[in-house]
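Here the protein sequences come in this chain order: A and B.
Start counting the first sequence at 1; every next residue gets the next number (UniProt numbering).
Start counting the second sequence at 1; every next residue gets the next number (UniProt numbering).
There's no promise every hint is true.
One-sided excerpt, in silico: chain A residues whose CB lies under 10 Å from chain B [what the hints assert, rightly or not]: (1) 592; (2) 716; (3) 810.
No wet-lab data here; the hints were simulated from the structure.
Ideal placement from N, C-alpha and C gives every residue a C-beta, glycine not left out.
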Amino acid sequence: MLTSSLKRTMKLILCMLAALAAVEGATAMFEDQAGTYDWYRQHIGLVSSASFHPSKPRVCVATAQSVVGCLNLRDGSLAWRKALGSTSDSPAAILLPKSSNFVTVAEGYLRAFDLEGNLLWQRKVLSSTAVPSLAGLAASDDSQERILLLQNGELQLLDPSDGTVLGTEQVLSALAKPAKIAVGSGSRNFVVTLNSGSREAVLVELQDAKKGHFGRKVAIESPLILSDVLSASADTVAVLSHDGKALCVASVRGTESAVRFTCTQLSELVPELPASESFRVDGTSGGYVLFGHPGAALLAADEEGGLKLVKYFPDAISVSLEIRADNDAFFGVLEESAAGGGVKLSVIRSNNGDVVQVESFPSPTASERLVGPAPVFTPSGLVLGTFVRKKDKSVGFRALVSFRNGLTVLLQQGVIVWSRDESLASITDTLFVDLPAKQANGTALEAAEGLKVDFNTRLRYQVLGAKVQLKLNSQAEAEEFLLLRGALSDKNTPFRDVNGFRKLLLALTSTGRLAALHNGDGRLLWSRSFPQDAMPTKLLPWRGYHDIQHSPEILLLRETQPGAYAAVLNAHTGEQLWHLPLIFGIAKVVPLHAPMHEGSAVQSVYLLVEKVEIAAAEAAPVLRLLPDSVSSRKHVAVSERSLHFFMQGHDPRTLAGYRLATIEDSSVAVAVPAILSWQVNFADSVLAVAYRNPTEPIQSSVKVLSDRSIKYKYLNPNLLFVATGIANGVPSDSVAAGVDSLSEEVTVHLLDTVTGRILHRQSHLGARGPVTAVLTENAVLYYFRDIDTGRFVATSMELYDATPGRQFNVLDYLFNPNSTRPVSSLKPTPVEVQTQSFFSRLVPRAATVTRTEQGITAKQLLIVTNTDQVYALDRRWVDPRRPKKQKLTQDELEEGLVPFQDTLPISPLSFATLDRQVLGIRGVNVEPTRLESTCLMFVHGVDLFYTRLAPAKGFDSLEDDFNYALLLAALVGLTGGAVILQYMAKQTSLNQKWK
Amino acid sequence: MADLKTWRLDFETLIPDRKLQVDPPGYDFSVAKDPVGMLTSSKPRDRNTLSRKQQALFAQATGPLKQVGMMCFMAWMFGNSIQIFSIFMTFNLISAPISAIMSSGEVFKRDEEWKQLDVLTPRLLYCLVHGGQLIFGLYKLSTMRLLPSASSDFISTMPVPPLMEHAYPAL
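Bound-form chain A, shown alone (with noise of 0.2 Å):
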């Protein structure tokens, strides 16, 4: 038994030991030390839209994570980039080539940065959930660049250079749906726009684009409903029907009289051409290119409207905008090409449909290893750009493709440029498996291509080593050095090491790329891509084992319907063991806390909520069982006496809790239904809800403090933290006003999910979300914004059962192997809650916490960022209990309690992402290691951030760098030393005596 003053003399020994071994406890890094337990990954995110720049090297792009940016032409390295907003849609962007502006808008900001990325202007637009329309209308002879802008129904003409608006036009009234423009390519400018869903069109000629002017409007009937795929080519406009079997073409020639729709059959017009769901349809200059995944055609467009089939391109799977080079017109049509699966570019000219360029390219290669069936390189978007030969000064054709699978390519003169895989931009779930034993033959990793080492490159790395530690070295040999010591370091090795350090991290992305990395450098081991309709949305451990032979195996689920199904993988290898398709729709994954043993194996269990029709929502919701074996029932009937989960009502603002039937031990698979047991209506919306992870170990259920008196922490695991408060979003204009803040609240409940009990219920006044807030053990802490100070708040709570009279006895604990009852939530004891508010400098969007194998280490919350960064804040700082004096007693210094101060400090060495900017964090994984005192943490958003933390330090391990050689060469001199100091003594002492 481990009493508190054996551990205290413990952690003295340890102290000793540490401080007589590591001669130099290193608290912080050092910049040699940056990159051995760390690494870091740049992306931009799923390309969307792209565009390139006329005359200089770069291609500015925006992506689906809302990310603009450009790219350098030479390389696809990144120039620049910047997060627009915190939410996943991509931003509309546009590049002006004669400013060379690139404007964006996103989140209600109007942006113009320079090619550099730098913030030329930005303007409010009126904040509205619609996406604003943006087009860009292009220089001519006689006038500038201007920006056009669709908002709320209103048309702003904007000037790029600084973002003022010339002139605007109320164009349409009622908008349901964010509107589109489409934009005359011809001398002649007109804007058009519509309602998706009406029959008429709005046309606006710009009278004069220099001062603003708008002029003549006119609206377009239409026989019949339109959709909102439209276009406009130098003279007509085209719309295409909102059934998607007719293409509605206007000429806007015709000034005076009243212009109408003449619709035309796409069968009628291009027979060959397949029905689709979305056709796109873009104007050239002479016509319209009509775009149906796959086909293409190209359509010529006369003055009246009428339209005539030029070209039809059958095997077409992504057609590219038109662009202008050599006062011709020209646009890209990529194509499956027959050999070997790469793709085909052709170049046409827009006006007759002549071929002017055709080149093929071979399909990208992955680095890592590719399990199951080949990648499919779906385009997502095809754009053309132009150079100029250096050889005869003709102009050429580049194109940048994206893929649907994440990956950009730049395709010019019949090879692939450079590529970027941007997939690992969009991870949506990550888990950590242990790589396989090196003993374990047969399961091991066959990407491992384990560096062979000489003996002349360790000296070399040694010589090295010696020389940067006596400032010896020039730049070359120290960036040698740090090369060498990646190579001959072992964090790099795909097999598990005693401590744990080494794992497999596993990434499902958005794109339907289960990929796997090694934690040591984050490359690519192998990488398993899913068809768009077979997508996996969940990644869970499966099973486990204990014995070195067998690999884990992970779950892979599709939730939705069609085609939801439930997948098991080998984690090591990636190959498929079973599939089994489901005849349900899963609305939300439950894992269950008691893994199932089976031998040597430890399988997960998990109660799959079925997803419900809407006519049935009222109806309780029904479970499933995986896996749903004799075998699992049995063992869920027997570890889960009474099962109970909790879920969010119809209404958001609804807390529901349901109790499960007793699971029948039966064979048959059927499916369980859940019964309603309590419900939690909230006055406010639900900010935020917090709850404790099942499997959080937790080493002790007391706190003893200084005077030695005991108290017991609330450890109920059925503890659900929910603050609720007027929505985030929801203007206030008692806010704006600064009248009567203190009317808006900030409520926190702590329930307990079996009875659906309020334990415990407090309010902040003049407060409002966002609210983020983490359960650890029995201690909350949760922030929000405080109106008076625009500031953010830190509220800490702590837990303790406040049972009166509860008494301990020695040796009952010691003796009694029952002293420890078990607790029931139906039985509540009284909480006491003890809690303290701070201010925080920090503005938090998400928070977690550090996990270790045991939980002995001290805890630290790591707090996401506004700054995408993630800071690791130690538990201290937010104690409750900080005293609110200066001078501390001997006891609360030992205590380690620190006084308190109304702000919590923020120091930068505590920044557990060091000084890098982890744009747009989506997720923290935190996994234990075997180690007590050390967590592996990765961080995932647009960029990949890994490292090793140690929130009490490394008490329980020498540093890697430990230099074991001076320790042999200390006791080998030492032994050596003895023994010749002996012999010297005998001598001595024979001499004297033959005196």
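Go by the hints and put chain B onto chain A.
Only chain B this time, still in chain A's reference frame:
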């Protein structure tokens, strides 16, 4: 009285300047010096010697008192903080009396010639003095919070009580 065992001559004893260390067997130095004592009755001499021996024993028993007091004072001066010196000090404070008490039999040997000599009382006194140091050492240990004397010292690893019901989040 010289022992027969030591009746031995080395070459070193033959060095002329050296004083001969060994007395011949049967030679009693005190008798040789004080022939009167030899002649008078042995009783009063015995009583004197006995009381002197007894006194010496008591002096030996209370001898460490000063040293113990010094040690305790030094330990008190070091304070209750846990440092390497105070740890050594406290360790010494506890280990020294234990070893002294253990070896007290050696210090207070029963003299076969003087059966009536009281060895036990001085030995107990000696143990008491060292026991005092031990108690102070333990007190010191307790003030340094290294002694599991409170019930809270046994509770820190009390496991988390199991729970009857489980409610799983499906949010």
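Each hint tested on the structure:
1. 592: holds, 7 Å
2. 716: Where the cut-off is 10 Å and the nearest Cβ of chain B is about 7 Å from residue 716 of chain A, the hint holds.
3. 810: holds, 5 Å
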